[in-house]
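K.L.:
Chain by chain, the residues run as shown.
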Amino acid sequence: MGILMVSPELLAACRRGDRAAFEEVVRRTYRHVYTQAFRIVGDRHEAEDVAQEAYLRVFRGLAGFRGEAQFETWLYRIVANAAITYLRRKGRFGELIIDREDDPLEVAADVRVAEQAADREELSRALAALPISLRAVVVLKDVYGMPHKEIAELLGTTEGAVKVRLHRARRRLKEHLFRPEDRDEV
Amino acid sequence: MRCEDVRPLLPELAGDVPERAAEVEAHLGSCAACSAELGRYRATMLQLSALREDLVEPPKAALERALARVPAWRWRLMSRRIVVDERLRYAALSLGGVIAGAVAMGLLRRRAARRDMALITPASSP
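Residue numbers (the numbering used here), protein chains in the order written: chain A, 26 to 211; chain B, 12 to 137.
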């Protein structure tokens, strides 16, 4: 059934046109969908727009969803698509395709002085501070496990370019989390 | 390999198998600094994968707004589409079954006809 707690029976009920079942699917998955959208677009208000668009796509796609693919994977793919489409529509696609290697990772000062190196909250905020071109790739690959090829297709670029961005993103996050004073601890 | 050759490969090694993996591994076995650096990358990636379960709290009314986005008329339309799609799917499957059956029957009849012909017509002697 997966972490989203959506059973095949619930999905079958959706496909039979049971509206209450669809609402139940939305209730069970909303926080996951919203979180994924937020991780990609980096803004709470925009994440809500992306989540709404994603559910419209789920709603339209349910008729074609046969359950051969895992629902969780299917849903994550829909959210990723909705988020990238949203950024394109908002004219932020440039940020997706331009790699700004030298931009400093600007995170609020209170985060910089946080004591714990690999704290998840700090990582979450460091992630939000990455340029979209790097953030989208590292979120899709390292958080949601999407294959390089699929990410490349989604962003309209090559697998090689995806790997380059991924390595840059990993390096910048690692450098942020492990400042020089932490280096002897690992 | 030297540290300056290995360092650029570590972000990849933390998640995948990089080019020249055997050489990189050999270097890591003898270089504590690069090995520690790889550990930092792996710790970062471990935290990243854990973010999947680290859910962000949406605004209070967001869920209700999402539910309200599918009005009743749209729901009825989709339900109808699902029923039509299902019927078309079964019709296509049935048609496929009928065609496959007809082809199989045709082949069997053809084989039987050949066998009958072979029995009726004796092989010509030299």
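Among the clues, some could well be false.
[As the list claims (entries may be wrong)] Simulated crosslink set (SDA-like; lysine to any residue; CA at most 25 Å straight-line):
1. Lys188/A <-> Pro19/B
2. Lys115/A <-> Leu24/B
3. Lys188/A <-> Leu24/B
4. Lys71/B <-> Glu49/A
5. Lys174/A <-> Glu49/A
Please keep in mind that the hints were generated in silico from the structure rather than gathered at the bench.
Keep in mind it's a predicted model, so treat the numbers as computed, not measured.
K.L.:
Against each hint, give a clear statement of whether it holds in the structure.
P.N.:
Verification of the hints:
1. Lys188/A <-> Pro19/B: holds (12 Å)
2. Lys115/A <-> Leu24/B: Violated: Lys115/A and Leu24/B sit about 35 Å apart, past 25 Å.
3. Lys188/A <-> Leu24/B: holds (12 Å)
4. Lys71/B <-> Glu49/A: holds (17 Å)
5. Lys174/A <-> Glu49/A: Not satisfied, since the Cα-Cα distance of roughly 33 Å exceeds 25 Å.
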